[in-house]
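J.: This is what each chain is made of:
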Amino acid sequence: MPPLKLAVVGGGPSAFYVASRLLHLLPHTDFRVHIYDRLWAPHGLVRYGVAPDHPEVKNCTHKFDVAATDPRIRFFGNVDVAASPALDTTSLSLPLETLLPYYTHLLFATGGPMPRVHPRLERSKYCIPALDLVHWYTMHPRSKYPPPVSPIPENTKHITVIGHGNVSLDIARLLLTSPKTLAPMDIPSHVIRSLEETWRSLRHISIVGRRGPRDVRFTAKEVREMTSLTDARMVPIPTDLMQAAEQGGDAESGGLSRQQSRIMKLLKEGSKKVQPDVTKSFSVDFWRSPIGYNITPPSADRRVSLQLEGTKLEEGRVIGTGKVDELKTDLIVTSLGYESDPSLLGTDASTSNTLQWFDESEGHIRTAPGGGRVLSREGHVIPNVYASGWAGRGARGVLAGTLLDANDVAATIVQDWQDQGNRTASDSIKGDEVGSTTLANGTFTTLAPLATSTPAGGLDAPPPAVQTSVQDGRIVTYEAWQRAEEAERKRAAEGKERERMRWEEVQELLKKD
Amino acid sequence: MGREDSTRLSLIKIHFQDAKGTPIKTIEGREGDNILDLAHEYDIDLEGACEGSVACSTCHVILDPASYDKLPEPEDDENDMLDMAFGLTDTSRLGCQVKLTPDLNGAVVKLPSATRNMFVDGVKPTKH
Ligand SMILES: Cc1cc2nc3c(=O)[nH]c(=O)nc-3n(C[C@H](O)[C@H](O)[C@H](O)COP(=O)(O)OP(=O)(O)OC[C@H]3O[C@@H](n4cnc5c(N)ncnc54)[C@H](O)[C@@H]3O)c2cc1C
Ligand code: FES
Chain A
1 MPPLKLAVVG GGPSAFYVAS RLLHLLPHTD FRVHIYDRLW APHGLVRYGV
51 APDHPEVKNC THKFDVAATD PRIRFFGNVD VAASPALDTT SLSLPLETLL
101 PYYTHLLFAT GGPMPRVHPR LERSKYCIPA LDLVHWYTMH PRSKYPPPVS
151 PIPENTKHIT VIGHGNVSLD IARLLLTSPK TLAPMDIPSH VIRSLEETWR
201 SLRHISIVGR RGPRDVRFTA KEVREMTSLT DARMVPIPTD LMQAAEQGGD
251 AESGGLSRQQ SRIMKLLKEG SKKVQPDVTK SFSVDFWRSP IGYNITPPSA
301 DRRVSLQLEG TKLEEGRVIG TGKVDELKTD LIVTSLGYES DPSLLGTDAS
351 TSNTLQWFDE SEGHIRTAPG GGRVLSREGH VIPNVYASGW AGRGARGVLA
401 GTLLDANDVA ATIVQDWQDQ GNRTASDSIK GDEVGSTTLA NGTFTTLAPL
451 ATSTPAGGLD APPPAVQTSV QDGRIVTYEA WQRAEEAERK RAAEGKERER
501 MRWEEVQELL KKD
Chain B
1 MGREDSTRLS LIKIHFQDAK GTPIKTIEGR EGDNILDLAH EYDIDLEGAC
51 EGSVACSTCH VILDPASYDK LPEPEDDEND MLDMAFGLTD TSRLGCQVKL
101 TPDLNGAVVK LPSATRNMFV DGVKPTKH
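In order, the protein sequence lines correspond to chains A and B. For the first sequence, UniProt numbering assigns the number 1 to the initial residue and increments by one for each residue that follows. For the second sequence, UniProt numbering assigns the number 1 to the initial residue and increments by one for each residue that follows.
Among the hints, a few may not be true.
Derived list of chain A stretches under chain B, where covered just means 3 residues or more per stretch with a C-beta under 8 Å from a C-beta of chain B [unchecked claim]:
1. 54-67
2. 184-191
The list that follows gives simulated cross-link-like pairs (lysine-lysine, BS3-like), each with its CA atoms no further than 27 Å apart [said to hold, decoys possible]:
3. A:K63 x B:K110
4. A:K323 x A:K157
5. B:K25 x A:K58
6. B:K99 x A:K63
7. A:K328 x A:K58
8. A:K63 x B:K25
Bear in mind the hints are in silico, worked out from the structure with no lab data behind them. For glycine and all other residues, C-beta sits at the position ideal for the given N, C-alpha and C.
Required output: the full structure, derived from the provided sequences and hints.
T.: Printed below as a string of structure tokens:
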């Protein structure tokens, strides 16, 4: 039976959940999993996404730590699997095909790192994707705002967030929470200083969506947190709007789901709350869609004039009513979801067969339902290639969903591997031949294929370039990450959860020992 | 488990079943133990991603109706997380929030499927 040596591209929760599940399913098998991440630190959005005031969510990393202590699982931080070298010189750039001969199986767990843009809202100093803010307050290594730069312009009084999902609420909640409360949390100190400045000027955050209260993508916990803020009050939602939503009067039929009715109840309760002494506020605004914005002269009270068109439902689709309002604001933050990045598969569809694994219309890698087997454009299974998490299912859902999906994918990998082993044994064909038949359909023509018998480097070794970079300290192993993490906790001020490190600081630290 | 006979009286029996209702294990817990901790103690495949902080819903379990009715109503925060549980039922709870009481003796705790795909759910740990 050929060995199982799996390369995982991406080291977020999906990767670690798959690795963990493989350990569970194959407790006594000598398999290998090598997890590559383009960032020096593992854990993807758990480290660089989950809001700092939700530390409990990050407890899932304890399980990842346990998986990583198993010698069969290895992590290589700072390896960018990319068709063309990355712009930053921090990470080792490794084209996909150099990886393949060293592995028998390949898993994409690359998440959905690209924010969806709004065609009518051009990026500017006054209009940024929510991910810019998230990367800033989590000190993402590729953040566009290295310390001490803040993405929030000076003297911002009014912010408009576009999109009714949890990331919108994360941002609104953090900006409407006193920096004193935030200071002990896992937020870099320079960010806290900038937030203090924003806190002095900020008065209102408007959270705008193009649908009604039935269709919000917020979850109840996050809505409850918004309506429980001590320093900001909610502008009541018009009663007729809520009533229309409850009665399905907004042209949607059918009863409310449990989630819908609980969220609507929270919104109604929040609307009734009286907080007279509070100077900051937020509003959840429905049935509005942005159609453009202008930057106003510096003398104006607000920096931006945003045009919002009224919307309504027609046969289930959102359409504009033609009625346009101007909203004076200082910063537009778009939070419209995420897509996967196809560039690691190739940059030119005419020369790269792997690029066709990417489903352009869905914005993620094309997979068979349940199990994560990657499919060609024609729907053929690409042997031994899988995608999990946000890379394989699209960028939606909480960690619980990412976990279930990872369990699916791990089980499929094991099943396929065992089936292949059985076939090889019974037909007494060599692994090589099994490989070349399946490859004959041309799916791999521009790539060196995955190994079908003993992989290059044997069971243990990663490609030589990786090996070298581990030795010279450019690549961060899991043990090195844990040392950095401990240093982050140790160097934090008394009572503060941690003080995150920049890569340069991590390098210094790791050089010392 | 090598527990003293004299403590046996205070032990509370819990029957764990898999998603299809097949018995996995019957275990004995003490008053105040929660279902998530017990599952981990007895090596039962129940996830607890946030480690009992009511922040994840991965510890979702389904109780038999009689036992469900004996429990105090879930708090708001538990309901908020249950909203997101996969395969929610009328007798669903978060395992980390269910504390054993003597009247739960004999309760049946069903684990929801560890995957969404019944086809691969048949893959069980192997030993080769
Ligand atoms: C802002 C935000 C907040 C969230 N908060 C919560 C929350 O509070 N609770 C909750 O349950 N869920 C939350 N989620 C959802 C949760 O983060 C996802 O379910 C989960 O992270 C998806 O895991 P993943 O491994 O598929 O992707 P990711 O977490 O995105 O991991 C992908 C990894 O792949 C790496 N990568 C990408 N491309 C390459 C490449 N070419 N080469 C090498 N490495 C690469 C990335 O650096 C990253 O580390 C949040 C999501 C966001 C966006
Ligand atoms: S372990 Fe997370 S909610 Fe129970």
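J.: Now, for every hint given, state plainly whether the structure supports it.
T.: Each hint, compared with the structure:
With 7 residues bearing a CB less than 8 Å from a CB of chain B, the stretch 54-67 of chain A meets the requirement of three and the coverage assertion stands. Counting residues of the stretch 184-191 of chain A whose CB lies closer than 8 Å to any CB of chain B gives 0, which falls below the minimum of 3, so the coverage claim is violated. Proposed proximity of K63 (chain A) and K110 (chain B) is supported: the alpha carbons are some 23 Å apart, at most 27 Å. Distance restraint check for K323 (chain A) and K157 (chain A): the Cα-Cα separation of roughly 26 Å lies within the 27 Å cut-off, and the hinted pair is therefore satisfied.
Straight-line distance between C-alpha atoms of K25 (chain B) and K58 (chain A) comes to about 30 Å, which puts the hinted pair past the 27 Å bound. A hinted pair counts as satisfied when its Cα atoms are at most 27 Å apart, and K99 (chain B) with K63 (chain A) qualifies at roughly 23 Å. Restraint check for K328 (chain A) and K58 (chain A): not satisfied, since their Cα atoms lie roughly 37 Å apart, outside the 27 Å limit. The hinted pair formed by K63 (chain A) and K25 (chain B) meets the criterion: a straight-line CA distance of about 23 Å does not exceed 27 Å.
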